[in-house]
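Assemble chains W and D onto chain Y, guided by the hints.
Sequences listed follow chains Y, W and D, in order. To convert, note that position 33 of the first sequence is 33 in my numbering; the numbers rise steadily by one, no gaps. To convert, note that position 353 of the second sequence is 652 in my numbering; the numbers rise steadily by one, no gaps. To convert, note that position 145 of the third sequence is 857 in my numbering; the numbers rise steadily by one, no gaps.
Everything labelled a hint here was simulated from the structure, so no lab data went into it. Idealized CB from N, CA, C, for every residue including glycine. Some hints here could point you the wrong way.
Claimed, not checked - If you want a taste of the chain D side facing chain W, the calculated C-beta under 8 Å gives, among others:
#1 F850
#2 V851
#3 T939
#4 N955
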Amino acid sequence: MKSPRSTLLAAAFIGPAALVMAAVTLYPILYGIGMAFTDFSVRHLRHQDPHFVGLANFMAILGGSDALGISFPRILGFNLLWTFVNLAFHVTLGVALALLLDRPGLRGSRLYRAALILPWAVPTYVTSLTWRNMFDAQSGAVNLLLASWGITGPDWFAHFGTAFAAVLTTNIWLGFPFMMMVTSAGLKAIPRETQEAAALDGASAWQRFRHVTLPQLRPTLVPAVLMGFIWTFNQFNVLYFVGRGEPLGQTEILVTQAYRFVDPLGLYGTASAFALIIFVILLAFTLLQVRLTRAVEDR
Amino acid sequence: MMARMRKAARKLLGIGCLSILLSACQDPADPSVLTIWHSWGGSELEALRKLEQTFRERAPEVRVQSLQIPHDRLKDKFLRSAAANGGPDILIGDNDWAATFTEADLLLPIAGDRDTTALMAEQETTQFPPSVREAVSVPDRMVAWPESVEAVALYYNRRLMSRPPATTARMFADAAVLADQNVRGLVLNTAFYFVAPFYLGGGGKVLDERGRPALDTAPGRRMLSWIRDAARAPGVLATQEYGKPDALFKAGKAAMIVNGPWALADYRAKLGPDLGVSVLPRLGAGKPAAPWVGVKCLMVNANLPIGRRSTTARFLRMVAEPAMQRMLAETAGHVPAVRGVNLGQNSPLEVFQRQLATGTPKRVDPKLGVVWEPMDRAIQEVVVHGVPAAEALKRAQATVDARLAAMAAQESP
Amino acid sequence: MNARKTGLAGWIGLLGAHLGLAAASMFALFPVVWVVAMALDKGSEAHPTSLRLWPAQPSLDAFRQVLTHPTEIEGIRFVDLALNSLLLAGGTAVACIALGACAAYAFSRFNFPGRRAGLVGFMVLQLFPPVASMAPLFVLLSALHLRTSLVGLALAYASGTLPFAIWNLKGTFDTVPKELEEAAVMDGCGPLRTFLQVVLPLAAPGLAVTTLFGFMAGWTEIVMAWTFLEDPRTFTLSMALYNMVGQYGTTRPWSEFAALSLLLSLPVVVTMLLLQRFIVSGLTAGSVKG
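With the rest of the complex left out, here is chain Y (with noise of 0.2 Å):
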């Protein structure tokens, strides 16, 4: 139904969401925008007054080591790690889980069900202190039980190797059950009579799996990686509160960096050119991936 009365009737459903978006996301964003050409900064909040900078702010963030103390090309490197083995974990994990729980025959999946999706619904704040504390050196739950097989545990945060570890961990044990739960809805839509005629054709599992589920479950987590994807690589809560940034800021992804902006110096102008880079990065991405799908499914 394309007509102006349709077009009408599109924009009397759509206004109000839009016009909440437009008025406390849309707004705040542009004003951020403004702000990352502008040397804004704490004497400028109570009467925004700052000076427009052209590209600066930029320019002192990816100009190399020096400005500003960070390296943006390490900690972009370290951002995109952290995004893509998080996504393996989630996707390998919670497919593999999915497909468990849909096996035929199977006692108890209800309760698995439930146990499995108990990350899921603990508040990421609660989830990361507990984490934080899990994987304290001396006293934390995972050295002792490490020490209870006879194991030394590490100092988890003073190298690189075994923090990201504790940091993947903790996001590996956060995420997995929203691929897990859209995988299972994907499950759902496959006709079992498909994996059925599969199986009498003499199909191995992994043939079953890779030639007939996959293709099928691919409308519905290539959506889901996009949302992970973006979710993953903003990740505040776990590295902020778990990670710290520790070692010596090895752990700091962009949006953690740009926080440390903001908290201790109050650059905000440098803070809002940090997220228009991540914006334009996140969207690239976005954009490849919308464009790889589309190729994939048009051929």
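Relative to chain Y, chains W and D alone:
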């Protein structure tokens, strides 16, 4: 071209100004209310309630409304609210916050020669010792009203050791002897604030004579190496977390800890008569340790309505009265900020008072605010990762310089 | 079913499935068990030296303490905080679902110029991290006199969850057969009535999941709440939880933090378990292209 772009930016930000103007149209200032934001809990909250009670007796027409906010949200909350023409009349906080607030033009001057808007008369500030006044002042005016003074000292567990160490050498010898499977000799928070007494006492620098950051000095390198050795000494548990040493000491699982007077009530409740407090041990060659001296203070919002000025001034004056200062010491373990409040020989607070004498004032200086994180990191690099002290300090200095340059760039376009 | 197939191989497969699921469940439950143990531990050692997943002297003291004195603010009871949390989370969910469902319906059903761009626009807005936009939002809500009220917060949260809501609901509406609506229109239903009485009931699972998302956003958020609110009578449970462990907030024992954490998580956990089946069918997350 530049001017046009600047104009465009102004226009965009002008929308913000407009919204600020709109937000100014709130209910008229009610002179019978006084609002206070703070982060005091436990015994400190009890002390605040006593202050409010006393004030209520003196000024029954005024309703004091105090709001407790988590310590790590309070500074940011005041900053944003006051900048949007809101916020409380009085903020209870740390004196170094005043650096940010002053820059943002959010504080009403407390006193100043040439300042006619100041809340108090100059002579009222003489009840504070010069070092305390200095710690709440910017060059031409006083920006906060001192409530109490704080610096770290040495707590020890009398059940584990009869006598506190007089020298750092003794402290490490004791720590090594006392430690066993269940007990640590010394639990040391290696965040810069807590090891600064040794770093600064041994000649390490933060700011040079002209007030510019100068971290990479020969004594600084020496003391940073000293901190590394201290952290790795037998019987010592070193960490940059506040909670862990604190919990171990409270549980009686550590013989010594470096901490401030804010922990006194808590430790006393847990350890009872076993708790001992002493000034920090002297460094080699008899140099005293030089902890940071911070001031807890009452800051007055620049948005204070005219009608509440006299009430606010009355409240501030009351807090500095000797009786109230003694009440704050007894109830909350706060070391008095005014002169001449006698705490009694060898009471723990008297120990802190003595410790202050060798301290380094933590001034209202934005440059100081930039130093903490890079120094924390330098210590961590040296202690945990074995980076040479010179290299770590050089890097810290570079970070501080870069951040100060970024901040300076924001000052003058 | 092939009888031979369900024999040995099937049995081994089933065993493997149980093993895998049990291992994953233990991973999922371990931290939860730890927090429960901490909440029940009267001694509540913040830094224990051995792993104890069941306390030596289990006690409900921490729960009692948290329920009677959730904060140090005088006159604020647990029920007040819980009620505010409920209002805030419920308000967020309602705003999110009301605004989101309407918009998603339009994107799903109407063909109008700028439809694609509009949809993308909603999605793109969530790519912008809120790190710098909090300052203007603070000023804006102050100007509207909404900042210190739960209404303002609910609006801000709803705005944050709207992109997901629109996306997920559009996916759900896409699966509702158009024929039903056409039949309704033939019967003389207006577009609003068709939407409310025909489409919405069929989209119940998607609506449930979206509501849950909105609810969780409002139920757990802390930083914005502590930045915006100024009156203790509007404070929430999650704010009380944060206040327990602020940077130097060592006055409350760990057992109480653990107990309040559990009490805070409980409603969401229960709702999720009850809605489990709905969640599975409601999470279509835009599974239909376009």
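Quiz item: Which of the numbered hints above does this structure break?
Solution: none
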